[in-house]
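*Asks:* In case you want the letters, here they are:
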Amino acid sequence: MVKKFIERFYVGFILFFLYAPIIILIILSFNNSKSRSKWGGFTLHWYKELFKNESIMNALYTTLIIALASAFIATLIGTAAAIAINSMKKTPRTIMVAITNIPMLNADIVTGISLMLLFVAMRYTLGFTSVLISHITFNIPYVILSVMPKLKQLNPHTFEAALDLGASPVYAFFKVILPDIFPGVLTGFFLAFTMSLDDFVITHFTKGPEINTLSTKIYTEVRKGIKPEIYALSTLMFIAVLLLLIIVNRRNAERKEPIRKM
Amino acid sequence: MKKFIGLSALLILMVLLVGCAKDDGEKVYVYNWGEYMDPETRELFEEETGITVVYEEFEQNEDMYPKVQSGAVSYDVICPSDYMIQKMIENNLLYEPNFDNIPNLKYIDGAHLESAQEYDPGNKYSVPYCWGTLGILYNTTMVDEPIDSWDVLFDEKYSGEILMIDSVRDAFAIALKFLGYDLNSTNETELEEAKALLQEQYPLVQAYVIDQVRDKMIGGEAAIGVIYSGEAIYTSRENPDLEYVVPKEGSNVWIDGWVIPKNSKNKENAEAFINFMCRPDIALMNFDYITYSTPNSGAWDLIEDEDIKNSPVAFPSDEILDRTTAFRYLGEDMESVYIQKWNEVKGE
Amino acid sequence: MKISNVLNTKAPKATIKKSGMSSLGIRNTRWLSFPYILWMVGFIIIPLIVILYYGMTTNDKQFTLENISSILNPINLRALLFALRLSLISTVICLILAYPLAMILNKSKMKSNSFIVMIIILPMWMNFLLRTIAWQNILERTGIINTVLKFFNLPMLNIINTPSAIVLGMVYNFLPFMVLPIYNVLIKIDKDIVNAARDLGANSRQTLFKIILPLSLPGVISGITMVFVPSLTTFVISNILGGSKIVLIGNVIEQQFRIGNWHTGSGLSLVLMIFILISMAILSKYDKESEGSNLW
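Chains as they are written, first to last, in the numbering used here: chain A, 110 to 371; chain B, 29 to 376; chain C, 6 to 301.
A portion of the hints provided could be inaccurate.
[Said to hold, decoys possible] Listed next, the in silico DMTMM-like pairs over lysine to aspartate or glutamate satisfying Cα-Cα at most 20 Å (straight line): (1) A:Lys333 <-> B:Glu266; (2) C:Lys250 <-> B:Glu372; (3) A:Lys284 <-> A:Asp273; (4) A:Lys333 <-> B:Asp316; (5) A:Lys336 <-> B:Glu71; (6) A:Lys336 <-> B:Glu63.
Rather than coming from a laboratory, the hints here were simulated on the basis of the structure.
Could you put the whole structure together from the sequences, leaning on the hints where they help?
*Replies:* In structure tokens, the structure reads:
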């Protein structure tokens, strides 16, 4: 009993540690004062201001577009690569996996700087595309590493059986292989999306003056005081994801119920 | 899964649209200090001229320079300080604007154009935007003596209560002035002395900040902070306990001015932008918003609040200005000496 | 591929393999990897070559080793060593906090894996800069903790702008990257092995140290990597929570690029990269040893 209590307490403590700053930010979004160190009473003012603030909405839009597009392109390239790597012989496979690990092992700052130097050396103007390319680059490994394990679990014979039964390779791929590895593909996509959303360092080095993601926008605002609208926006985003999570979890739970009874 | 694919197709379409839609129309790339302009003035400019303003901010002159010099991005209008303008002129980075396109220059006070000659002989390259001094902001409830000297920054009594400025030239200016030297010193022993002083100060400092000083002082995080005079009106508006002083040992007086880099691609738009910023009503809007002293006499005439119009903080008297000196560009070698010494201070 | 553990791939060898490592049976799939290879060459290999070029040349395109040897400059060396110290401390703290948590989560009745994973990842949806700034709010002299302490007339907690605050920021930001890989390995450990050990008379401590710990080593190692590397190289956390008083190697590199010393910055980046690769090589040696023993 005591052990159980200690365990619960411990989990609670860690969750509190993880979520305390988030609670603070949510509280600040209702603070009727521009300064974050003073409490000026409760207000919904910043939520109204948020939708009028063009630069924040633009940053949000850029962030989402880059996260979605980079996650999607990375998923395409990564899934294809994973399938190919999976059927490679040992040596090329080791090389490929090693290269895949580079952006994950390398410091963000080095990845960001090396990409910036490349773009500048090629006289490529830093802007939307350079950020998108950089995000795709660090996202692909996450996709590959999510898809690979699913590929390993595949039964190789189903695909061959489909071919023997007269399916074209492409048709067989979509009907036999893709459904089986799809959870891995989806995990990769969401992981890539989250990583892109949360990235600051690489964007910081590869962006041009025309665009701001939420991260870079916040970084410039840190210095002169964050605009409370940003807190409001983050609160909305956080709650949206939280709700999504709860709904998905509910549905999963309902689906699992009958299986357990069997 | 089909939904997923459909959604993705939609997305790609959106990305393509974004990529294409944003590329036409007249633009002007502005590179300015953080929170150094009323965003509404930019909107007005866009409305009146149809030119889109692409706006980016920097925190200190030393950050801005390499970005302009490397040419990775070509800006059209930049707002460096005096000594940095001099450096850019010397390194041949600036374009001589056509002043026929900037008729509103006539509103800029003659005295300021005169002092701008120090770094921009003949006023050929720059148009003053704001000016001010470097001084101490202190919280009257947290100190028990009148403050009029830099010595409080080196006083153990205020250990942990000091917000020091995180900018090479400003930090050394303080130490040099306190020691009684010229703030444009290039003398090795003087600089070494100044460095030693700053190293002694290190343990007393709560944090090295530039723009963050504003929020921290308003919130009462520290008793004493080094700050540009322009912030003083804003901070005392938010927290009446804060007071600004230019120490008796002397300090720095600076002018930030608009310049157009040589590699600008929209020079006419840049001139239109500078001209717009010199219009008295626009200059007044900016003054109200950022509270940095304006050299625009047209705007000054329009200020309604007599207290501000005659404020010794916003528009210091000659007596104060007599003890201030402007920065000069000291050359590339001296610049790296300063940076090296400053890194030694902070790498403690 | 240690990192893969984060994504719950590599099951400990003790579990039964499903279909072996054999190829899918898709013939001629090699072309599928072409876009990826092109991409990696263009945006990983070539940029590294560019950084190598910058790191080994001067402004006048002359070959030099000065940029690389600038790591021996006392300021830079101290920044590297200090970053190393802080990141090691935060890695150890993360490990100590994360392992018990992962074990408890693994034991818990909550069968929904993805839910637990999501709970740990969820904070990442609040921007990382904002979360770090929130810590400033909590730790400041006029911050939440001190206001409460003051209210009860307790002594103030003065850790903002000190190394402790930076360590706290690192632990906070990177803890999920330690919890998840360990958790993912733990849930895959075959319960029968644990039970078998029990049946053979091992007490719970022995089971932990002789069975669970060795089997979870791959997860621990990827966790260490995922915490150590970003902590070692951060410049944002030290900026926000250290009040610019504390200079880490990340800050030095960032400053070099900010003031336009691209060559020195590249040289230092190279050193940092090599440093990380060596640390990883040492770590992976331990990993391999454990794999070897797990085979039987």
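*Asks:* Now, for every hint given, state plainly whether the structure supports it.
*Replies:* Okay, the hints, checked on the actual structure:
Annotation: proposed proximity of lysine 333 of chain A to glutamate 266 of chain B holds, straight-line Cα distance about 14 Å (limit 20 Å). Only pairs whose Cα atoms come within 20 Å are accepted, and lysine 250 of chain C paired with glutamate 372 of chain B is accepted, the gap being roughly 12 Å. With a C-alpha separation of about 14 Å, the suggested pairing of lysine 284 of chain A with aspartate 273 of chain A holds against the 20 Å cut-off. For a cut-off of 20 Å, the pair hint linking lysine 333 of chain A to aspartate 316 of chain B stands: about 17 Å separates their Cα positions.
Using a Cα cut-off of 20 Å, the hinted pair lysine 336 of chain A and glutamate 71 of chain B holds, with the two alpha carbons roughly 19 Å apart. Between lysine 336 of chain A and glutamate 63 of chain B the CA atoms are separated by roughly 11 Å; this keeps the pair inside 20 Å, and the hint holds.
In summary, the structure agrees with every hint in the numbered list given earlier.
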